[in-house]
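S.K.: In terms of the numbering used here, the sequence shown opens at residue 1 and continues consecutively.
Treat the hints as calculated values from the structure; they're not laboratory data.
Some hints could be false.
[As the list claims (entries may be wrong)] With a straight-line Cα cutoff of 20 Å, these simulated EDC-like cross-link-like pairs (lysine to aspartate or glutamate) come out:
id	residue 1	residue 2
1	Lys284	Glu311
2	Lys38	Glu112
3	Lys397	Glu112
4	Lys284	Asp43
5	Lys475	Asp495
6	Lys517	Asp468
7	Lys406	Glu522
8	Lys406	Asp495
9	Lys161	Glu255
10	Lys264	Asp239
11	Lys398	Glu427
12	Lys391	Glu341
13	Lys391	Asp352
14	Lys482	Glu423
15	Lys38	Glu255
16	Lys284	Glu452
17	Lys113	Glu217
18	Lys253	Glu312
19	Lys174	Asp164
20	Lys168	Asp43
21	Lys196	Glu255
22	Lys391	Glu401
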Amino acid sequence: MAFSDRIPAIIRLAAITGLCLLAGFSPLLTFARLWQLKEWRWDRLREHMRGFGWLRQLFGITRPIILVLMGVPGFFSFLTTDVWIPAALSILGALSAAQILLKRQPAPVWTEKAMTLTGTSLLLLAAATFAIARNETASLALPFLPLLTPFILMVAWTLWKPVDFLLKQRIMRKAARLRSQYPHLTVIGITGSAGKTTTKELLARVLHARHPLLTPEHVNSEMGVAAWLLRELPKIRKDEEKILIIEMGAYRKGEIAFLCQISKPSIGVLTSVGLQHLALFGSKEALRSAKAEIILGLPKNGHAFVNGDNEESRTVAKLAPCSVTLVGTGGHLDLEAFDIEERADGLRFRTDNEQFSVPMHGTHNVTNILLAVAVGTYLGISAREAAAALKNYQPPKKTFELREEKGVCILDDTHNASPASFEAAIEWARTHPAEKKILLTSGLIELGEAEEKVHTKLGADSSLVFSDAIFTQKKSAEAFQKGFGRGVRVLKRWDSFTIPKGALLVCTGFVSPAMIKQVLPERNTNE
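Can you make the complete structure from the sequences, with help from the hints?
M.R.: And the structure:
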(Lines of atoms letter the chains of each structure in order from A and count residues from 1; the text may use other names and numbers.)
(Lines give C-alpha, C1' and ligand atoms only; values in the text may rest on other atoms or scores of the structure.)
Protein backbone atom coordinates (compact mmCIF):
# COMPACT_ATOMS: atom_id res chain seq x y z
CA MET A 1 0.00 0.00 0.00
CA ALA A 2 1.37 3.44 -0.97
CA PHE A 3 2.43 5.94 1.69
CA SER A 4 -0.34 8.35 0.65
CA ASP A 5 -2.97 5.60 0.96
CA ARG A 6 -2.03 4.69 4.54
CA ILE A 7 -2.49 8.21 5.93
CA PRO A 8 -5.70 10.21 5.48
CA ALA A 9 -5.13 13.07 3.05
CA ILE A 10 -5.98 15.83 5.50
CA ILE A 11 -3.54 14.53 8.11
CA ARG A 12 -0.82 14.15 5.52
CA LEU A 13 -1.47 17.69 4.28
CA ALA A 14 -1.27 19.09 7.81
CA ALA A 15 1.92 17.15 8.49
CA ILE A 16 3.57 18.35 5.27
CA THR A 17 2.56 21.94 6.02
CA GLY A 18 3.99 21.71 9.54
CA LEU A 19 7.26 20.26 8.26
CA CYS A 20 7.52 22.97 5.61
CA LEU A 21 6.98 25.71 8.20
CA LEU A 22 9.62 24.22 10.49
CA ALA A 23 12.06 23.79 7.58
CA GLY A 24 11.53 27.39 6.48
CA PHE A 25 11.62 28.94 9.95
CA SER A 26 15.41 29.08 10.27
CA PRO A 27 16.18 30.68 6.87
CA LEU A 28 13.27 33.10 7.45
CA LEU A 29 14.72 34.24 10.79
CA THR A 30 18.21 34.58 9.32
CA PHE A 31 17.01 36.75 6.44
CA ALA A 32 14.71 38.78 8.70
CA ARG A 33 17.67 39.53 10.97
CA LEU A 34 19.75 40.72 8.01
CA TRP A 35 16.99 42.94 6.64
CA GLN A 36 16.27 44.40 10.06
CA LEU A 37 19.95 45.37 10.36
CA LYS A 38 19.43 47.20 7.08
CA GLU A 39 16.43 48.95 8.69
CA TRP A 40 13.94 47.10 6.44
CA ARG A 41 15.13 49.22 3.52
CA TRP A 42 15.23 47.68 0.06
CA ASP A 43 18.02 49.97 -1.17
CA ARG A 44 20.37 49.01 1.66
CA LEU A 45 19.47 45.32 1.37
CA ARG A 46 20.14 45.42 -2.37
CA GLU A 47 23.60 46.94 -1.88
CA HIS A 48 24.42 44.42 0.86
CA MET A 49 23.41 41.53 -1.39
CA ARG A 50 25.37 42.97 -4.27
CA GLY A 51 28.45 43.24 -2.08
CA PHE A 52 28.21 39.88 -0.30
CA GLY A 53 26.64 37.72 -2.98
CA TRP A 54 22.99 37.13 -3.82
CA LEU A 55 22.97 33.33 -3.93
CA ARG A 56 24.59 32.72 -0.56
CA GLN A 57 22.58 35.44 1.20
CA LEU A 58 19.28 34.17 -0.23
CA PHE A 59 19.69 30.41 -0.12
CA GLY A 60 22.65 29.68 2.12
CA ILE A 61 24.89 26.68 1.45
CA THR A 62 23.84 23.75 3.64
CA ARG A 63 20.20 23.39 2.59
CA PRO A 64 20.78 23.43 -1.19
CA ILE A 65 23.54 20.82 -0.74
CA ILE A 66 21.19 18.57 1.25
CA LEU A 67 18.54 18.72 -1.49
CA VAL A 68 21.09 18.07 -4.23
CA LEU A 69 22.45 15.04 -2.36
CA MET A 70 18.95 13.65 -1.83
CA GLY A 71 18.11 14.09 -5.48
CA VAL A 72 14.68 14.53 -7.07
CA PRO A 73 12.34 11.57 -7.74
CA GLY A 74 11.94 10.94 -11.45
CA PHE A 75 15.42 12.26 -12.18
CA PHE A 76 18.15 10.55 -10.15
CA SER A 77 16.71 9.79 -6.69
CA PHE A 78 15.85 6.21 -5.73
CA LEU A 79 13.07 7.44 -3.41
CA THR A 80 9.46 7.66 -4.52
CA THR A 81 7.73 11.03 -4.49
CA ASP A 82 5.51 10.31 -1.50
CA VAL A 83 8.55 9.31 0.56
CA TRP A 84 11.02 11.87 -0.75
CA ILE A 85 8.89 14.92 0.09
CA PRO A 86 8.38 14.21 3.83
CA ALA A 87 11.94 12.86 4.13
CA ALA A 88 13.51 15.99 2.63
CA LEU A 89 11.30 18.32 4.67
CA SER A 90 12.03 16.33 7.83
CA ILE A 91 15.79 16.70 7.37
CA LEU A 92 15.48 20.44 6.68
CA GLY A 93 13.11 20.79 9.64
CA ALA A 94 15.55 18.93 11.90
CA LEU A 95 18.30 21.31 10.78
CA SER A 96 16.14 24.31 11.75
CA ALA A 97 15.28 22.76 15.11
CA ALA A 98 18.94 21.97 15.83
CA GLN A 99 20.06 25.53 15.10
CA ILE A 100 17.40 26.91 17.42
CA LEU A 101 17.99 24.41 20.24
CA LEU A 102 21.76 24.90 20.06
CA LYS A 103 21.19 28.69 20.18
CA ARG A 104 23.04 29.20 16.91
CA GLN A 105 20.07 30.71 15.10
CA PRO A 106 20.29 34.43 14.21
CA ALA A 107 16.98 36.17 14.80
CA PRO A 108 15.64 39.71 14.51
CA VAL A 109 14.98 41.87 17.52
CA TRP A 110 11.31 41.16 18.12
CA THR A 111 9.84 44.57 17.44
CA GLU A 112 6.21 44.88 16.39
CA LYS A 113 7.31 45.22 12.76
CA ALA A 114 9.54 42.15 12.93
CA MET A 115 6.77 40.05 14.46
CA THR A 116 4.24 41.25 11.87
CA LEU A 117 6.45 40.55 8.87
CA THR A 118 7.65 37.19 10.20
CA GLY A 119 4.12 36.09 11.10
CA THR A 120 2.76 37.17 7.70
CA SER A 121 5.59 35.29 5.97
CA LEU A 122 4.73 32.10 7.87
CA LEU A 123 1.07 32.43 6.87
CA LEU A 124 2.08 32.91 3.23
CA LEU A 125 4.41 29.92 3.45
CA ALA A 126 1.62 27.77 4.90
CA ALA A 127 -0.81 28.90 2.18
CA ALA A 128 1.74 28.18 -0.56
CA THR A 129 2.46 24.73 0.93
CA PHE A 130 -1.25 23.90 1.12
CA ALA A 131 -1.84 24.97 -2.49
CA ILE A 132 1.18 23.14 -3.92
CA ALA A 133 0.69 19.95 -1.90
CA ARG A 134 -2.76 19.44 -3.41
CA ASN A 135 -1.26 19.15 -6.89
CA GLU A 136 0.65 15.88 -7.28
CA THR A 137 2.94 17.19 -10.04
CA ALA A 138 3.67 20.50 -8.36
CA SER A 139 4.26 18.85 -4.98
CA LEU A 140 7.79 17.92 -6.12
CA ALA A 141 8.68 21.57 -5.45
CA LEU A 142 7.68 21.43 -1.76
CA PRO A 143 11.15 20.68 -0.32
CA PHE A 144 12.47 23.71 -2.22
CA LEU A 145 9.80 26.01 -0.79
CA PRO A 146 11.67 26.68 2.53
CA LEU A 147 14.58 28.02 0.48
CA LEU A 148 12.28 30.68 -0.91
CA THR A 149 11.43 32.24 2.47
CA PRO A 150 13.53 35.38 1.68
CA PHE A 151 11.26 36.04 -1.30
CA ILE A 152 8.19 35.30 0.81
CA LEU A 153 9.43 37.86 3.36
CA MET A 154 9.82 40.37 0.52
CA VAL A 155 6.19 39.72 -0.48
CA ALA A 156 5.08 40.25 3.14
CA TRP A 157 7.09 43.49 3.29
CA THR A 158 5.45 44.68 0.04
CA LEU A 159 1.95 43.86 1.31
CA TRP A 160 2.48 45.79 4.54
CA LYS A 161 4.42 48.71 3.00
CA PRO A 162 1.40 51.06 2.52
CA VAL A 163 0.28 50.47 6.11
CA ASP A 164 3.85 50.80 7.35
CA PHE A 165 4.24 54.13 5.54
CA LEU A 166 1.07 55.55 7.06
CA LEU A 167 2.05 54.38 10.55
CA LYS A 168 5.52 55.89 10.20
CA GLN A 169 4.10 59.23 9.11
CA ARG A 170 1.73 59.21 12.05
CA ILE A 171 4.49 58.39 14.56
CA MET A 172 6.86 61.02 13.18
CA ARG A 173 4.17 63.73 13.19
CA LYS A 174 3.34 62.78 16.77
CA ALA A 175 7.04 62.99 17.73
CA ALA A 176 7.38 66.43 16.10
CA ARG A 177 4.30 67.73 17.97
CA LEU A 178 5.62 66.38 21.26
CA ARG A 179 9.07 67.89 20.69
CA SER A 180 7.52 71.34 20.10
CA GLN A 181 6.05 71.23 23.63
CA TYR A 182 9.57 71.30 25.16
CA PRO A 183 10.99 74.78 24.44
CA HIS A 184 13.86 74.51 26.94
CA LEU A 185 15.59 71.51 25.35
CA THR A 186 19.06 71.87 23.86
CA VAL A 187 19.20 69.37 21.01
CA ILE A 188 22.56 68.43 19.50
CA GLY A 189 22.44 66.66 16.13
CA ILE A 190 25.51 64.67 15.06
CA THR A 191 26.05 63.33 11.56
CA GLY A 192 28.88 62.42 9.19
CA SER A 193 30.21 59.62 7.02
CA ALA A 194 32.31 58.27 9.91
CA GLY A 195 32.76 58.94 13.61
CA LYS A 196 29.12 59.70 14.50
CA THR A 197 28.81 57.15 17.29
CA THR A 198 32.27 57.85 18.70
CA THR A 199 31.66 61.61 18.80
CA LYS A 200 28.25 61.07 20.40
CA GLU A 201 29.79 58.95 23.17
CA LEU A 202 32.70 61.38 23.67
CA LEU A 203 30.30 64.31 23.95
CA ALA A 204 28.12 62.41 26.42
CA ARG A 205 31.21 61.89 28.57
CA VAL A 206 32.19 65.58 28.39
CA LEU A 207 28.65 66.59 29.38
CA HIS A 208 28.11 63.80 31.93
CA ALA A 209 27.67 66.29 34.80
CA ARG A 210 24.69 67.74 32.92
CA HIS A 211 23.09 64.28 32.58
CA PRO A 212 22.35 64.43 28.84
CA LEU A 213 20.00 62.02 27.07
CA LEU A 214 21.51 60.34 24.02
CA THR A 215 20.15 58.02 21.37
CA PRO A 216 21.00 54.34 21.98
CA GLU A 217 23.28 52.26 19.79
CA HIS A 218 22.04 51.86 16.19
CA VAL A 219 19.23 54.42 16.68
CA ASN A 220 19.87 57.14 14.09
CA SER A 221 17.06 56.91 11.50
CA GLU A 222 13.93 59.04 11.21
CA MET A 223 11.71 56.32 12.65
CA GLY A 224 14.20 55.28 15.32
CA VAL A 225 14.71 58.84 16.56
CA ALA A 226 10.96 59.57 16.47
CA ALA A 227 10.18 56.47 18.53
CA TRP A 228 12.97 57.36 20.97
CA LEU A 229 11.61 60.90 21.44
CA LEU A 230 8.11 59.55 22.09
CA ARG A 231 9.54 57.21 24.71
CA GLU A 232 11.92 59.61 26.47
CA LEU A 233 10.36 63.08 26.33
CA PRO A 234 7.36 62.23 28.57
CA LYS A 235 9.91 61.48 31.33
CA ILE A 236 11.07 65.12 31.27
CA ARG A 237 9.27 68.15 32.70
CA LYS A 238 8.24 70.57 29.98
CA ASP A 239 9.99 73.46 31.72
CA GLU A 240 13.18 71.44 32.31
CA GLU A 241 16.45 72.47 30.66
CA LYS A 242 17.73 69.22 29.26
CA ILE A 243 20.41 68.31 26.69
CA LEU A 244 19.56 65.73 24.02
CA ILE A 245 22.31 64.24 21.86
CA ILE A 246 20.91 62.70 18.68
CA GLU A 247 22.93 60.68 16.20
CA MET A 248 21.57 61.23 12.69
CA GLY A 249 22.18 58.76 9.88
CA ALA A 250 21.06 59.10 6.28
CA TYR A 251 20.92 56.89 3.19
CA ARG A 252 19.22 59.32 0.85
CA LYS A 253 18.79 63.05 0.45
CA GLY A 254 16.20 64.68 2.69
CA GLU A 255 16.40 62.26 5.62
CA ILE A 256 18.59 64.43 7.87
CA ALA A 257 16.46 67.47 6.98
CA PHE A 258 13.40 65.55 8.14
CA LEU A 259 15.20 64.51 11.33
CA CYS A 260 15.93 68.18 11.97
CA GLN A 261 12.26 69.05 11.45
CA ILE A 262 11.28 66.47 14.06
CA SER A 263 13.98 67.12 16.69
CA LYS A 264 14.78 70.82 16.02
CA PRO A 265 18.49 70.87 16.93
CA SER A 266 20.13 74.17 17.82
CA ILE A 267 23.62 72.66 17.67
CA GLY A 268 24.90 70.63 14.72
CA VAL A 269 28.06 68.51 14.56
CA LEU A 270 29.53 67.32 11.24
CA THR A 271 32.26 64.71 11.75
CA SER A 272 33.23 64.19 8.08
CA VAL A 273 31.93 63.84 4.54
CA GLY A 274 33.30 60.77 2.76
CA LEU A 275 32.23 58.05 0.34
CA GLN A 276 30.23 55.81 2.67
CA HIS A 277 26.78 54.91 1.20
CA LEU A 278 27.73 56.58 -2.08
CA ALA A 279 25.79 53.91 -3.99
CA LEU A 280 22.59 54.90 -2.19
CA PHE A 281 23.03 58.63 -2.84
CA GLY A 282 24.15 58.24 -6.45
CA SER A 283 26.86 60.92 -6.50
CA LYS A 284 29.35 62.76 -4.30
CA GLU A 285 27.34 65.95 -4.76
CA ALA A 286 24.14 64.31 -3.51
CA LEU A 287 25.98 62.80 -0.55
CA ARG A 288 27.53 66.17 0.34
CA SER A 289 24.13 67.86 0.06
CA ALA A 290 22.59 65.27 2.38
CA LYS A 291 25.24 65.83 5.06
CA ALA A 292 24.82 69.60 4.66
CA GLU A 293 21.22 69.26 5.85
CA ILE A 294 22.42 69.16 9.48
CA ILE A 295 24.00 72.59 8.96
CA LEU A 296 21.13 74.07 6.96
CA GLY A 297 18.64 72.77 9.51
CA LEU A 298 20.06 74.95 12.30
CA PRO A 299 18.43 78.22 13.36
CA LYS A 300 20.24 81.53 12.87
CA ASN A 301 21.03 81.66 16.58
CA GLY A 302 22.32 78.08 16.52
CA HIS A 303 25.92 76.88 16.21
CA ALA A 304 27.68 74.37 13.94
CA PHE A 305 30.81 72.40 14.85
CA VAL A 306 32.70 70.98 11.88
CA ASN A 307 35.78 68.81 11.28
CA GLY A 308 38.14 71.28 9.64
CA ASP A 309 40.57 68.53 8.61
CA ASN A 310 37.99 67.23 6.12
CA GLU A 311 37.87 69.29 2.93
CA GLU A 312 34.28 68.38 2.04
CA SER A 313 33.13 69.31 5.55
CA ARG A 314 34.77 72.74 5.26
CA THR A 315 32.89 73.28 2.02
CA VAL A 316 29.60 72.39 3.71
CA ALA A 317 30.38 74.71 6.65
CA LYS A 318 30.24 77.71 4.31
CA LEU A 319 26.50 77.10 3.90
CA ALA A 320 25.75 77.55 7.60
CA PRO A 321 23.08 80.14 8.49
CA CYS A 322 24.68 80.46 11.93
CA SER A 323 28.11 80.72 13.57
CA VAL A 324 30.59 77.89 12.94
CA THR A 325 33.49 76.41 14.90
CA LEU A 326 36.12 74.50 12.91
CA VAL A 327 38.29 71.99 14.77
CA GLY A 328 41.21 69.85 13.69
CA THR A 329 44.93 69.35 13.42
CA GLY A 330 45.68 71.15 10.18
CA GLY A 331 46.27 74.71 11.37
CA HIS A 332 44.33 78.00 11.22
CA LEU A 333 41.28 76.51 12.92
CA ASP A 334 39.19 77.62 15.87
CA LEU A 335 40.27 74.69 18.07
CA GLU A 336 43.47 72.79 17.29
CA ALA A 337 45.36 69.84 18.72
CA PHE A 338 49.16 69.95 19.04
CA ASP A 339 51.88 67.44 20.01
CA ILE A 340 49.66 64.46 19.18
CA GLU A 341 51.01 61.08 20.22
CA GLU A 342 49.56 57.63 20.70
CA ARG A 343 50.79 55.53 23.59
CA ALA A 344 49.88 52.12 24.92
CA ASP A 345 47.27 53.68 27.20
CA GLY A 346 45.71 55.89 24.51
CA LEU A 347 45.92 59.32 22.88
CA ARG A 348 47.68 62.38 24.22
CA PHE A 349 47.66 65.90 22.83
CA ARG A 350 47.30 69.50 23.94
CA THR A 351 45.22 72.47 22.94
CA ASP A 352 46.13 76.07 23.71
CA ASN A 353 44.71 75.75 27.21
CA GLU A 354 44.83 72.12 28.26
CA GLN A 355 46.61 68.76 28.07
CA PHE A 356 44.40 65.80 27.12
CA SER A 357 44.91 62.10 27.83
CA VAL A 358 42.12 59.92 26.43
CA PRO A 359 42.12 56.09 26.69
CA MET A 360 41.27 55.39 23.06
CA HIS A 361 43.31 54.57 19.98
CA GLY A 362 43.69 55.97 16.48
CA THR A 363 44.97 59.49 15.90
CA HIS A 364 42.02 60.06 13.53
CA ASN A 365 39.89 60.19 16.69
CA VAL A 366 41.58 63.43 17.78
CA THR A 367 39.14 65.46 15.65
CA ASN A 368 36.20 63.58 17.21
CA ILE A 369 37.55 64.47 20.67
CA LEU A 370 37.99 68.11 19.63
CA LEU A 371 34.40 68.27 18.38
CA ALA A 372 33.16 67.00 21.75
CA VAL A 373 35.37 69.45 23.64
CA ALA A 374 34.29 72.38 21.46
CA VAL A 375 30.59 71.64 21.98
CA GLY A 376 31.22 71.25 25.70
CA THR A 377 32.97 74.63 25.85
CA TYR A 378 30.03 76.23 24.02
CA LEU A 379 27.69 74.80 26.67
CA GLY A 380 29.81 75.98 29.60
CA ILE A 381 32.15 73.02 30.21
CA SER A 382 35.74 74.25 30.54
CA ALA A 383 38.62 72.55 28.73
CA ARG A 384 39.98 71.41 32.11
CA GLU A 385 36.64 69.83 33.06
CA ALA A 386 36.43 68.15 29.66
CA ALA A 387 39.98 66.77 29.97
CA ALA A 388 39.20 65.38 33.43
CA ALA A 389 35.99 63.75 32.20
CA LEU A 390 37.66 62.17 29.16
CA LYS A 391 40.33 60.46 31.28
CA ASN A 392 37.61 57.98 32.25
CA TYR A 393 36.16 57.56 28.76
CA GLN A 394 35.29 54.03 27.67
CA PRO A 395 35.15 53.60 23.86
CA PRO A 396 32.18 51.71 22.36
CA LYS A 397 32.80 48.02 21.74
CA LYS A 398 34.19 47.10 18.32
CA THR A 399 35.05 50.76 17.60
CA PHE A 400 38.85 50.84 17.35
CA GLU A 401 38.88 48.49 20.33
CA LEU A 402 42.30 47.10 21.23
CA ARG A 403 42.57 43.79 23.08
CA GLU A 404 44.72 40.66 23.35
CA GLU A 405 43.29 37.20 22.76
CA LYS A 406 45.12 33.86 22.49
CA GLY A 407 48.47 35.61 22.22
CA VAL A 408 47.33 37.89 19.38
CA CYS A 409 46.94 41.67 19.57
CA ILE A 410 43.57 42.50 17.98
CA LEU A 411 42.36 45.85 16.73
CA ASP A 412 38.59 45.36 16.46
CA ASP A 413 37.00 48.09 14.36
CA THR A 414 34.15 45.95 13.03
CA HIS A 415 31.48 48.45 14.06
CA ASN A 416 32.78 50.67 11.26
CA ALA A 417 32.72 50.05 7.53
CA SER A 418 33.80 53.18 5.69
CA PRO A 419 36.85 54.11 3.58
CA ALA A 420 37.88 56.65 6.24
CA SER A 421 37.80 54.12 9.10
CA PHE A 422 39.62 51.55 6.91
CA GLU A 423 42.38 54.06 6.11
CA ALA A 424 42.61 54.98 9.80
CA ALA A 425 43.13 51.31 10.72
CA ILE A 426 45.89 50.99 8.11
CA GLU A 427 47.65 54.11 9.37
CA TRP A 428 47.39 52.94 12.98
CA ALA A 429 48.85 49.53 12.10
CA ARG A 430 51.73 51.22 10.29
CA THR A 431 53.24 52.43 13.57
CA HIS A 432 52.50 49.30 15.61
CA PRO A 433 55.69 47.44 16.68
CA ALA A 434 54.45 43.91 15.82
CA GLU A 435 56.68 42.13 13.31
CA LYS A 436 53.79 40.35 11.60
CA LYS A 437 50.66 42.34 10.79
CA ILE A 438 47.59 40.74 9.26
CA LEU A 439 44.41 42.35 7.93
CA LEU A 440 41.02 40.64 8.30
CA THR A 441 38.14 42.37 6.53
CA SER A 442 34.91 41.90 4.66
CA GLY A 443 35.69 44.78 2.37
CA LEU A 444 33.30 47.71 1.98
CA ILE A 445 29.85 47.94 0.43
CA GLU A 446 27.46 50.70 -0.69
CA LEU A 447 30.26 52.50 -2.58
CA GLY A 448 28.61 52.31 -6.01
CA GLU A 449 30.88 53.06 -8.97
CA ALA A 450 33.73 53.98 -6.61
CA GLU A 451 33.89 50.46 -5.14
CA GLU A 452 36.71 49.06 -7.30
CA LYS A 453 38.77 52.25 -7.16
CA VAL A 454 38.45 52.52 -3.37
CA HIS A 455 39.43 48.88 -2.77
CA THR A 456 42.39 49.11 -5.14
CA LYS A 457 43.67 52.16 -3.26
CA LEU A 458 43.14 50.45 0.10
CA GLY A 459 45.15 47.50 -1.22
CA ALA A 460 48.00 49.77 -2.28
CA ASP A 461 48.00 51.54 1.09
CA SER A 462 47.99 48.18 2.89
CA SER A 463 50.80 46.63 0.85
CA LEU A 464 53.62 48.19 2.90
CA VAL A 465 51.90 47.57 6.24
CA PHE A 466 50.41 44.06 6.22
CA SER A 467 52.19 40.85 5.37
CA ASP A 468 48.87 39.12 4.70
CA ALA A 469 45.31 40.16 3.93
CA ILE A 470 42.32 37.92 4.64
CA PHE A 471 38.92 38.70 3.15
CA THR A 472 35.59 37.15 4.07
CA GLN A 473 34.13 38.07 0.65
CA LYS A 474 35.68 37.31 -2.73
CA LYS A 475 34.32 40.28 -4.69
CA SER A 476 36.04 42.99 -2.65
CA ALA A 477 39.23 40.92 -2.47
CA GLU A 478 39.72 40.98 -6.25
CA ALA A 479 39.95 44.77 -6.47
CA PHE A 480 42.00 45.00 -3.26
CA GLN A 481 44.50 42.47 -4.61
CA LYS A 482 45.25 44.70 -7.61
CA GLY A 483 46.65 47.35 -5.30
CA PHE A 484 48.07 44.93 -2.74
CA GLY A 485 50.32 43.41 -5.38
CA ARG A 486 50.20 39.85 -4.05
CA GLY A 487 47.73 37.10 -3.25
CA VAL A 488 44.82 37.69 -0.88
CA ARG A 489 43.27 34.83 1.08
CA VAL A 490 39.47 34.48 0.99
CA LEU A 491 38.38 32.85 4.24
CA LYS A 492 35.84 30.03 4.18
CA ARG A 493 34.01 28.56 7.16
CA TRP A 494 35.86 25.28 6.87
CA ASP A 495 39.35 26.79 6.49
CA SER A 496 41.86 25.66 9.12
CA PHE A 497 44.16 28.64 8.51
CA THR A 498 45.31 30.38 11.72
CA ILE A 499 47.64 33.28 12.39
CA PRO A 500 50.74 32.98 14.60
CA LYS A 501 50.93 34.15 18.20
CA GLY A 502 52.54 37.53 18.64
CA ALA A 503 50.96 38.88 15.45
CA LEU A 504 48.79 41.97 15.09
CA LEU A 505 45.33 41.26 13.66
CA VAL A 506 43.48 44.31 12.33
CA CYS A 507 39.76 43.63 11.85
CA THR A 508 37.63 46.15 9.98
CA GLY A 509 34.33 46.03 8.13
CA PHE A 510 31.52 43.55 8.74
CA VAL A 511 33.57 40.74 10.27
CA SER A 512 31.75 38.49 12.72
CA PRO A 513 33.23 37.41 16.08
CA ALA A 514 33.14 33.84 14.76
CA MET A 515 35.39 34.77 11.84
CA ILE A 516 37.87 36.46 14.17
CA LYS A 517 37.87 33.43 16.46
CA GLN A 518 38.36 31.11 13.48
CA VAL A 519 41.76 32.58 12.57
CA LEU A 520 43.14 32.82 16.11
CA PRO A 521 45.70 30.20 17.18
CA GLU A 522 44.71 27.46 19.59
CA ARG A 523 46.09 27.88 23.09
CA ASN A 524 48.67 25.41 24.25
CA THR A 525 47.06 23.30 26.99
CA ASN A 526 50.30 23.49 29.00
CA GLU A 527 50.17 27.28 29.16
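S.K.: Any hints from earlier that this structure breaks? Give me their numbers in increasing order, please.
M.R.: 3
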